[in-house]
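Here the structure of chain A is known, so what remains is to put chain B in place on it, guided by the hints.
Number of protein chains: 2
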Amino acid sequence: MDIKEMVLEKAKNAKKASRILAGISTNVKNKALTAMADGLVGAKDELKNENEKDIAYAKDKGLSSALIDRLMLNDKRIEGMASGLREIAVLSDPVGEVTRMLQRPSGLKIGKVRVPLGVIGIIYESRPNVTADAVGLCIKSGNAIILRGGSEAINSNIAISNILIKSAMEAGLPEGCIQLIEITDRQAIMDMIKLDQYIDLIVARGGFELIKVVAENSTVPVAKHSAGVCHTYVDVESDLKMAEDICFNAKVQRPGVCNAMETMLVHKDVAQEFLPSIIKRLKEAGVEIRGCAYTKRIVPDIIEATEEDWYTEYLDLILSVRVVKDIDEAIDHIMTYGSHHSDAIVTKDYERSMRFLNEVDSAAVYVNASTRFTDGNEFGLGAELGISTQKLHSRGPMGLEDLTSQKYIIFGNGQIRQ
Amino acid sequence: MDIKEMVLEKAKNAKKASRILAGISTNVKNKALTAMADGLVGAKDELKNENEKDIAYAKDKGLSSALIDRLMLNDKRIEGMASGLREIAVLSDPVGEVTRMLQRPSGLKIGKVRVPLGVIGIIYESRPNVTADAVGLCIKSGNAIILRGGSEAINSNIAISNILIKSAMEAGLPEGCIQLIEITDRQAIMDMIKLDQYIDLIVARGGFELIKVVAENSTVPVAKHSAGVCHTYVDVESDLKMAEDICFNAKVQRPGVCNAMETMLVHKDVAQEFLPSIIKRLKEAGVEIRGCAYTKRIVPDIIEATEEDWYTEYLDLILSVRVVKDIDEAIDHIMTYGSHHSDAIVTKDYERSMRFLNEVDSAAVYVNASTRFTDGNEFGLGAELGISTQKLHSRGPMGLEDLTSQKYIIFGNGQIRQ
Numbered sequence: 000m001d002i003k004e005m006v007l008e009k010a011k012n013a014k015k016a017s018r019i020l021a022g023i024s025t026n027v028k029n030k031a032l033t034a035m036a037d038g039l040v041g042a043k044d045e046l047k048n049e050n051e052k053d054i055a056y057a058k059d060k061g062l063s064s065a066l067i068d069r070l071m072l073n074d075k076r077i078e079g080m081a082s083g084l085r086e087i088a089v090l091s092d093p094v095g096e097v098t099r100m101l102q103r104p105s106g107l108k109i110g111k112v113r114v115p116l117g118v119i120g121i122i123y124e125s126r127p128n129v130t131a132d133a134v135g136l137c138i139k140s141g142n143a144i145i146l147r148g149g150s151e152a153i154n155s156n157i158a159i160s161n162i163l164i165k166s167a168m169e170a171g172l173p174e175g176c177i178q179l180i181e182i183t184d185r186q187a188i189m190d191m192i193k194l195d196q197y198i199d200l201i202v203a204r205g206g207f208e209l210i211k212v213v214a215e216n217s218t219v220p221v222a223k224h225s226a227g228v229c230h231t232y233v234d235v236e237s238d239l240k241m242a243e244d245i246c247f248n249a250k251v252q253r254p255g256v257c258n259a260m261e262t263m264l265v266h267k268d269v270a271q272e273f274l275p276s277i278i279k280r281l282k283e284a285g286v287e288i289r290g291c292a293y294t295k296r297i298v299p300d301i302i303e304a305t306e307e308d309w310y311t312e313y314l315d316l317i318l319s320v321r322v323v324k325d326i327d328e329a330i331d332h333i334m335t336y337g338s339h340h341s342d343a344i345v346t347k348d349y350e351r352s353m354r355f356l357n358e359v360d361s362a363a364v365y366v367n368a369s370t371r372f373t374d375g376n377e378f379g380l381g382a383e384l385g386i387s388t389q390k391l392h393s394r395g396p397m398g399l400e401d402l403t404s405q406k407y408i409i410f411g412n413g414q415i416r417q
Numbered sequence: 000m001d002i003k004e005m006v007l008e009k010a011k012n013a014k015k016a017s018r019i020l021a022g023i024s025t026n027v028k029n030k031a032l033t034a035m036a037d038g039l040v041g042a043k044d045e046l047k048n049e050n051e052k053d054i055a056y057a058k059d060k061g062l063s064s065a066l067i068d069r070l071m072l073n074d075k076r077i078e079g080m081a082s083g084l085r086e087i088a089v090l091s092d093p094v095g096e097v098t099r100m101l102q103r104p105s106g107l108k109i110g111k112v113r114v115p116l117g118v119i120g121i122i123y124e125s126r127p128n129v130t131a132d133a134v135g136l137c138i139k140s141g142n143a144i145i146l147r148g149g150s151e152a153i154n155s156n157i158a159i160s161n162i163l164i165k166s167a168m169e170a171g172l173p174e175g176c177i178q179l180i181e182i183t184d185r186q187a188i189m190d191m192i193k194l195d196q197y198i199d200l201i202v203a204r205g206g207f208e209l210i211k212v213v214a215e216n217s218t219v220p221v222a223k224h225s226a227g228v229c230h231t232y233v234d235v236e237s238d239l240k241m242a243e244d245i246c247f248n249a250k251v252q253r254p255g256v257c258n259a260m261e262t263m264l265v266h267k268d269v270a271q272e273f274l275p276s277i278i279k280r281l282k283e284a285g286v287e288i289r290g291c292a293y294t295k296r297i298v299p300d301i302i303e304a305t306e307e308d309w310y311t312e313y314l315d316l317i318l319s320v321r322v323v324k325d326i327d328e329a330i331d332h333i334m335t336y337g338s339h340h341s342d343a344i345v346t347k348d349y350e351r352s353m354r355f356l357n358e359v360d361s362a363a364v365y366v367n368a369s370t371r372f373t374d375g376n377e378f379g380l381g382a383e384l385g386i387s388t389q390k391l392h393s394r395g396p397m398g399l400e401d402l403t404s405q406k407y408i409i410f411g412n413g414q415i416r417q
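For the record, the sequence lines run as chains A and B.
Read in order, the letters of the first sequence correspond to residues 0 to 417 in numbering that gives the first Met the number 0.
Read in order, the letters of the second sequence correspond to residues 0 to 417 in numbering that gives the first Met the number 0.
Chain A with its partners taken away, still in its complex shape:
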């Protein structure tokens, strides 16, 4: 069977399964999620063995330490996947929720009810724990799922999805509701994104190139989880100790993920006081600094940033730093070079905090906190299927509600239109 036929068959089976899954009770779905969690914890050693193959291959290929960190499965992360599934089981089921119901002058009662989208295809790279999060969220929201992970995590993904599928079938979910495309050839993606007859949403998580190819070629609606070129702007009136802690955390706590800070913007009037101390602390933590000319004048022992740096999502211990003359220049910089993911201001000033919130057009805009919080769990949605950096349908972390559609239901007693 060729790739195209294989992908088509999986999509058809998923569509069939989705019709059954839409009617499965919350109890059965929760039982399946718990069984999946138990399954993962019970198979720790097997999962770590399979993951080691991927890690070895990544090291062979000379991938960065940040990328290898994203790829790694250890006991803690396997338990993390399991507890993610258990948390999803505890969340309320969005399916069937009536979000409004109005009585109109005609006497019609018109309501909106949440229904599953149907079949969700997810195209992702690197982190194998995405496999479990994505399956958990799709199943809980009544959607069938087709997974297409990256080649670098293929052994881990096969191992994880086999356990999830087995647990789901035992709990009574319909066959075909969870499927992994095991072919790492990019052709599988090209075939998948044309199947609008069977797939209702493509979630694309990955690098700029992948997202671009998917967005340009897909006939299925796409939720883009694009690069996180996240900024923190340290305002003129700000608690500089707080600013230092927030910036340090946003860069260093986990540099390999999309909500880590990539560019620090500093108001010129606090640059002299703020920069030497934060840069020293960052350097001690192994961060390479790429600063603007002004930054370099204050802290000479750094690399000078190029225009390209401002656009770059390093996903690594590298930070670009720019001194700006005011909040307008900071917002302009973010609007020009940012990726509309997560951006923060540190300030004591009320009006500028409000301006930043209103004018920065990103999925998550922060006052006085680390951008690292942009995450389904931290936002109280349970796990997330991705962080949407587009405006349509969902923005920011995509939780259960974001995986549903709302249809109108109308209760009449003979109304006709005049």
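Keep in mind that the hints are not guaranteed to be accurate.
Copies of the same chain are indistinguishable here, so a pair counts whether it falls within one copy or spans any two.
Said to hold, decoys possible - Simulated crosslink set (DSS-like; lysine-lysine; CA at most 30 Å straight-line):
(1) Lys211 / Lys295
(2) Lys240 / Lys111
(3) Lys108 / Lys347
(4) Lys3 / Lys211
(5) Lys3 / Lys193
(6) Lys11 / Lys211
(7) Lys267 / Lys15
(8) Lys52 / Lys347
(9) Lys324 / Lys295
(10) Lys193 / Lys211
(11) Lys43 / Lys75
(12) Lys240 / Lys30
(13) Lys14 / Lys211
(14) Lys279 / Lys14
To be clear, the hints were calculated from the coordinates, so they are not data collected in a lab.
Same frame as chain A, now just chain B:
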């Protein structure tokens, strides 16, 4: 200037205007809407004169009476456009609405706020009143709009949009926030749907071919307003008088619009009693009946329906009729041939009413009412920018809220991620 450059320049101007418009107060937007309404009413004669050119051209081309009805502007319809704009002025402004705000264990307050999408491009056919509805909804929701109406209504659309733009500018809206693409060459559409850098949403309203071309080629997210192949299913236990009134209304009251019924499904056990009377009444109203073999046995003097009829949106005084053996066959028919727009059941049975609501996967599902109610005004949304027949972002009539995105706003006091 060639078409591509012209469209690009309009899109760039719209983007620039959208940044200003996002910060314009509700009062100013409402003032503009009222001025637009006054402007249209004050220019009735001019509008009718320009519309006459379109009508004459349509008659020349031999378009159907239903299509000519869609195209026509008379005093009542011009007043309808104006009152639509006034109704939008009265609706609350969705921009700035905080739809939730939670305090998380970290102490972070995390909220979601509605913001404009930015620039909305609308590609539509026929009805010139769409021009006013679309402008009103986009302006009220803080979005710049690029209009691309069909060639058949070009004179009406130019006249309407000139009045709207003039009124908007006088009321203080930013230049470029309302733009019409006057070129009716299809190339303008192809250029427009590639401008994802400047346009945030394309709303596509029109025939199957237009929607298909737009969906397949657009790099901008598309809200499809596709065909309305709407059904009414007359169940075995139903008030046949009510069923007759609902079916008659759904077909005859305004056959040229997307929420009109195209196929009537009748349970076999009531077919003998129901069909002769409703078909007689429909025929007297000028409706051509295309029935299944079973229908033809009961009412011989009709055309026999072909497989293609079940897929067809006539938008005219034509109805296909099929006798089904039960609700399962009715739902199967709707899922196979329907366009997921609006479908109704007429029944006295509680369980079957619930099954129909749950299992029919359409934007609007009715019990005991005419499908003709699927409409922004009737649903209490004010006017509508289109009726989305897809599942992503919005489904059904797209009102003000559907033209916004929600971003996360996070209030901290120094939180860092552990």
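Item to check | Hints violated by the structure (numbers, ascending) | outcome: Numbers 1, 8, 12 and 14, in rising order.
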